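Enquirer: Chain residues, written in single-letter form:
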Amino acid sequence: MLTNNLYNLCGLLLFGMGLFALFACSHLLRKILAVNIMSSGVFLVLIATAYRPLGAGEIDPVPHAMVLTGIVVSVSVTALALILACRVQETSNHSLSQSERNTNDGDSEE
Amino acid sequence: MTIFNSSAWIVAPIIIPLIGGLLCFLWRRDTFFIALFISLANLLSVTTLLRQFLLFGPLRYRMGGWEAPLGIALRLHGPALLMLLMTAVSGIGITLYARGYFSFRISALKHNNRHEQQERFFWPLWLMLWTALNALFLSGDIFNLYVTLELVSVSAAALAALSGKPASQIAAFRYLLVSLLGSLSYLLGVVFVYKTYGILDLEMLRQIATPGPGLQMALTLMTLGLLLKTALFPLHFWLPPAHANALAPVSAILSGLVVKGSFFILFTLWFEIFASSITANALDLIGLLGAGAVIWGSLQAIRQQRLKLLVTYSTVAQLGYLFIAFPLTATENISQEVWTAVTFMVMAHSFAKTAMFMAAGTIFLQVGHDRIRDLAGIRKSLPITSFAYAIAGVNLIGLPPSGGFIGKWLLLTAALTSGQWHWSLVIIAGSLLASVYVFRVVSRLFLTPDEAIIQECRPHSPLQEWPALFLAIIALLLGLIAPYFSLILETTEIVANLAPGGGL
Amino acid sequence: MIIKSRRKNKRRPFDPILLLVLLLTIGLTALLIKANYTIPVTSFGLAAEVARFQPRSGVESPVTAVLLNFRGYDTLLEVMILLIAVIGVWSLTKAPFPQKAVKTSPVQLAVVRLLAPLMCLVAAYLVWQGSHLAGGAFQGGAILGGAGVLLLVAELPWLRTIHSRPLRIGLLIGPLFFLGVALLGIINGRELLTYPGKWSGSLLLLIESTCAVSIGLTLASLFAGGRPADDLIGQTKTPACNREQKRC
Amino acid sequence: MTWQGWLLICILLSSFLPGVIIFSLPEDKYRFRTSLNICGAVIKIIFILIMNVGIYYGHSFELRLPLIQGMELILNADPLSALFTTLSSVLWLLTTIYAVGYLEDSPNRSHFFGYFSLCVTVTIGIALAGNLLTFLLFYEMLTMTTYPLIIHRGTPQALRAGRNYLIYTMSGGAVFLFAIVWLQSITGPLDFSAAGFSPRLLDTHRTALIFIFILLIAGVGVKGALVPLHGWLPQAMVAPAPVSALLHAVAVVKAGAFGIIRIILYVYGIDNISSLHLYSFLIAISSVTIIWGSIRALQQNDLKRLLAFSTVSQISYITLGMSMADQPLAIIGGLVHLVHQGLMKITLFFCAGNLAETLGIHKISEMKGVARRMPLTMTAFTIGALGMIGIPPTVGFVSKWYLGLGALALGNWWVLLILAVSSLLNAGYFLPIIITAWFGKQEAHWPEERRFNRFETRLMLLLPPLFTAFVVIAAGIIANAEISPLAWVKFIIREYGL
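Residue numbers (this note's numbering), protein chains in the order written: chain Y, 1 to 110; chain C, 1 to 504; chain H, 1 to 248; chain L, 1 to 498.
It is worth saying that the hints were derived from the structure and are not from the lab. Everything numeric in this text was worked out from a predicted model, so none of it was measured. Take the hints with a grain of salt, since some may be wrong.
[Said to hold, decoys possible] Taking CB as the label site, the calculated pair distances span:
#1 Y/I71 - L/G188: 54 to 64 Å
#2 H/L22 - C/N5: 58 to 68 Å
#3 L/V20 - C/L55: 34 to 44 Å
#4 H/H132 - C/N5: 35 to 45 Å
[As the list claims (entries may be wrong)] Computed footprint of chain Y on chain H; a stretch qualifies when at least three of its residues, placed anywhere within it, have a C-beta under 8 Å from a C-beta of chain Y:
#5 46-59
#6 192-204
[To be verified] Some residues of chain L that are not near chain C, with every Cβ distance over 12 Å (derived):
#7 W3
#8 R153
#9 R163
#10 H277
#11 I291
#12 E482
Every residue gets a Cβ at the ideal spot worked out from N, C-alpha and C, and that includes glycine.
Using the sequences plus the hints, can you model the full thing?
Expert: Here you go:
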């Protein structure tokens with residue numbers, strides 16, 4: 001069970017680290033990275049559930065499929081987040097921490 | 001009519017908007033007509049499902065023909081059906097309104113390239129979001145729910161950023177990250193569930209789930225994630241900027257439909273699948289947060305100077321009511337009523353809030369701003385919109401016969417019958433605060449000032465005004481068609497078996 | 001793609017909120033780890049189920065069987081998420097794909113010329129292998145996407161000058177084919193995503209191939225962070241676009 | 001659905017549909033709007049008369065719409081609803097005629113008449129409500145439909161008045177909702193019935209039921225202008241005269257008083273109230289309201305404010321009648337005052353509106369000698385005022401007579417004293433006005449005089465008060481005849497089982 005436990009431990013630690021970084025970093029890119037680290041952590045824990053000690057039966061393919069799905073989702077979200085971050089940076093030189101303006105110009109003309 | 005008895009109809013609300021979304025991205029011409037056709041086809045399929053539901057009871061569908069633990073099951077039970085209906089009706093309204101909104105912007109404003117581009121991408125994203133919501137309501141698999149949640153998040157975030165304003169992009173970024181965080185937390189919960197039970201199907205989980213440390217942790221994680229996505233106070237920080245800065249049809253979608261998705265999952269998990277593991281303390285805690293949301297959200301709404309922000313904070317407040325229902329389910333004999341109450345509040349809020357954002361958007365476009373102070377006498381130039389706003393407001397206050405009233409009445413009854421009367425005080429206080437923020441605006445709109453500060457009304461299509469009124473009136477009359485809803489909600493047993501496969 | 005924070009990162013000596021967050025996350029992680037070790041493992045997952053039904057799935061690799069057959073619905077939705085990401089990215093960008101790439105060194109160019117076809121080959125192999133070993137549409141698509149990225153980075157014109165419509169068709173071909181095959185089940189009077197028995201192996205391979213192409217294109221255009229030049233509406237009229245074109 | 005059910009629907013629709021159509025009419029469709037309005041009012045009166053005859057001959061008018069478990073909308077016409085519907089619909093017709101004359105040339109008329117019609121629809125709904133839920137439904141809708149009328153002028157004062165009105169009525173509505181749900185969580189679904197709820201509940205829920213009763217009375221007491229919940233009423237006087245008439249005589253205040261009657265007689269039932277010892281509570285609040293309203297009225301110089309405080313005082317006679325409900329004579333006095341007060345007060349408001357519209361007079365001090373300029377109006381005013389004081393043969397005397405008889409039969413000297421003092425106070429603020437108007441000497445020009453050719457003012461402004469003043473006397477004289485309000489009230493009491 002050692003491998004399994006190691007995976008779990010690492011995964012959960014990564015999750016926790018990512019969570020901390022998400023709140024602690026104000027930089028947009030770092031936030032994206034933090035979330036990615038978190039998701040890696042979750043995937044580690046997930047893939048660890050597929051583990052079977054030798055001779056205890058076949059390896060479970062369902063977590064594999066789930067992780068694959070999760071990775072694709074994470075890639076998509078990361079891409080969108082990166083582009084958003086780029087746009088934010090381009091248009092306003094803002095970083096998220098100082099963007100508390102609740103301006104309301106979603107419908108305005110310019 | 002064998003074709004209407006085909007079991008394949010249950011996937012129609014997922015497949016139809018999906019095809020529409022793909023087509024809108026590929027085709028790019030006549031996107032509105034594609035979307036309109038899709039909306040109507042979706043309504044047809046949901047109506048067919050309603051008929052099947054009334055004839056046969058709850059439905060279950062094996063994706064790919066694989067039985068549950070291996071394959072993914074779709075399930076259609078009463079609440080899911082009502083959510084589908086709600087989305088179908090709101091969706092038609094939003095589709096029509098969006099057409100009016102974009103064509104007004106394209107024809108009347110500068111930078112029409114940008115507006116054309118916004119419209120071009122609005123349609124595929126909106127139809128995809130619709131797909132995602134329908135898939136979410138129908139899903140019967142705890143991991144598939146994660147996928148649908150992500151589908152919702154990504155399309156909703158893309159929509160929220162559509163306006164292209166820096167503020168909206170920051171808000172959308174934050175929204176995306178928060179959604180992702182919520183989804184991850186939910187996914188970790190799913191992992192724990194899978195570790196413990198080795199099963200992902202909801203029905204099977206319901207049968208075998210017993211209280212234990214694993215399930216408790218899983219439930220905590222999933223709940224945290226979903227609460228974050230549903231923006232329960234104090235996790236609501238991301239919602240006001242994201243909803244207020246988006247384009248009006250998008251705000252309507254986000255506030256009216258999207259937050260209901262994660263709430264629906266949360267409610268299903270707590271009160272259907274893992275009901276046996278829920279402790280009274282957890283219920284009280286959620287109720288307390290809900291009460292906080294009602295009070296805080298309402299107070300914030302009262303403080304706002306901008307119309308769209310006011311409407312947004314009222315979403316925070318109204319979502320609180322849904323959580324006040326949680327502790328009221330603790331008593332066995334009234335939990336059915338609380339279910340009904342919650343469904344009513346969700347539906348009424350969805351229609352009313354959609355209508356309200358549409359009205360706010362129309363006012364914004366016509367007047368050029370939405371400072372509440374300077375909105376006096378809008379009724380003159382936009383009578384239908386003002387009416388729609390007022391009627392939607394009546395719903396939010398929860399005056400009879402609106403759906404919101406039925407919900408509040410049932411919650412009050414549950415609170416007083418079970419002796420938890422402190423919740424009833426919050427509900428009453430929330431209504432009063434709601435009437436303050438609603439009438440702050442309504443009294444302005446309906447004012448007839450002496451000096452003519454009324455703006456010239458720019459020509460606009462009826463599509464900009466009527467959908468809002470239509471939805472607001474539906475919300476208002478929701479109470480009167482209550483018997484049919486309780487009929488649907490009370491059908492929990494399978495009445496007859498639907499022929500497997502199709503008659504196609 | 002490089003984002004610089006406007007404010008210099010000043011090290012603050014002590015931030016109570018940060019400390020609180022730290023403590024909270026540590027607490028949560030500790031709880032999670034504790035819970036993780038107290039879970040009684042009562043089940044061995046779905047491995048046995050998968051093994052039992054795999055012969056009927058049409059592929060030999062259990063992961064592919066789960067991915068495309070048993071839980072094909074998840075995968076269908078997941079392909080859509082990728083697509084939505086592309087639509088979202090396109091909706092956010094005013095800029096076209098980079099018209100002129102940065103100066104590429106001849107070495108890099110040579111490497112790309114050498115690698116790109118090879119990567120396509122590897123991708124094809126991975127897709128084919130997916131039916132019996134590790135591999136499949138996503139793995140193949142990822143390699144294809146990598147090839148696309150290389151092409152974008154180098155001065156090679158393929159992806160940079162592509163027109164909007166062919167690209168859109170390319171992006172959609174996988175999802176549409178998948179959806180079409182999924183609907184085949186309904187037309188045959190069975191459930192969605194039910195593959196006709198004897199054809200299922202080859203159909204799955206076809207789905208994988210088309211999806212791999214779409215996924216590759218998706219990843220590459222996500223990397224490009226823009227959209228084809230002819231996809232913009234009236235790009236010459238809008239000053240903002242002009243500015244960005246110059247910048248690019 | 002039976003014809004009785006359809007009739008109830010038609011009664012509601014006869015003012016609802018004109019209202020909705022009027023909203024969509026352009027401003028200048030004057031004739032169409034007016035004829036639509038008046039046709040609606042006449043049709044409504046005809047329907048209501050048919051209903052009254054039906055009720056008299058023992059038909060039951062009922063319509064049920066179950067919503068969900070424990071929630072049912074019921075429309076049910078009993079003799080009491082007939083009394084209120086008849087009053088409201090007749091006064092609506094008169095007020096409509098008056099308003100057409102009053103608002104000639106003023107802006108936003110379709111807005112005004114639209115809400116006016118809706119307001120009456122809702123009031124009729126209150127009268128026809130068959131249980132507390134339905135009552136609440138229309139009661140809240142009444143708030144929504146009267147609010148636009150109060151702020152109709154759009155001035156800062158009007159807005160302030162509107163805001164206060166909302167604060168009072170929304171809070172009242174919330175308290176009312178709370179009380180209803182609480183009550184029904186104890187008693188279960190509750191239709192209006194003569195017996196009230198089961199007396200067995202008194203043993204187990206005594207305190208709760210007392211609290212609920214107080215909350216219910218507070219909830220409707222806001223609209224019924226019970227002291228100290230009356231604050232919105234004098235402020236709402238900034239609205240145009242027809243609106244004031246509507247608030248005071250046709251809809252809002254009446255709806256509050258009607259609610260008090262319903263709660264006492266048909267929700268709790270006389271016996272339950274008696275065993276909960278709530279009568280003294282009722283007597284106390286109604287006496288305080290009567291005396292306080294009169295004292296405040298004495299201090300007013302603004303005519304409409306004076307009338308508003310007079311309403312506060314007068315409407316409480318109804319509550320006073322209910323607070324002696326174990327004596328049928330007192331109930332008769334209270335119920336018949338519902339009609340009588342409406343007739344008298346609407347006369348007074350019409351006249352006040354005439355003075356303001358024709359001569360620009362708003363203050364009592366400006367009224368010196370006004371009767372010589374507007375003799376017909378002031379005749380009507382005098383009749384109304386004498387009725388308020390309770391001088392025979394006006395209807396006001398009839399109400400007070402029965403209230404007094406009831407108090408005597410109960411041996412309640414305290415109430416008799418209240419009646420006497422309040423009559424004196426009424427005389428104290430009405431007689432000076434009458435004397436000034438008839439015998440005072442005009443000192444200055446009227447503030448804003450407008451001349452009309454043949455009559456002292458517009459005909460449409462003159463006819464309604466003259467008609468109501470006539471009825472004030474006629475109904476007093478024929479009080480014992482078969483078709484008088486009093487006779488109908490006695491019929492109500494018989495049907496109620498006393």
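Enquirer: Are the hints correct? Go through all of them and say.
Expert: Cross-check of the supplied hints:
1. Y/I71 - L/G188: 54 to 64 Å: holds (58 Å)
2. H/L22 - C/N5: 58 to 68 Å: With a Cβ separation near 59 Å, H/L22 and C/N5 satisfy 58 to 68 Å, so the hint holds.
3. L/V20 - C/L55: 34 to 44 Å: With Cβ atoms ~37 Å apart, the hint holds.
4. H/H132 - C/N5: 35 to 45 Å: holds (41 Å)
5. 46-59: holds (count 5)
6. 192-204: violated (count 0)
7. W3: holds (22 Å)
8. R153: violated (8 Å)
9. R163: violated (7 Å)
10. H277: About 24 Å separates L/H277 from the closest Cβ of chain C, which puts it past 12 Å; holds.
11. I291: holds (31 Å)
12. E482: holds (39 Å)
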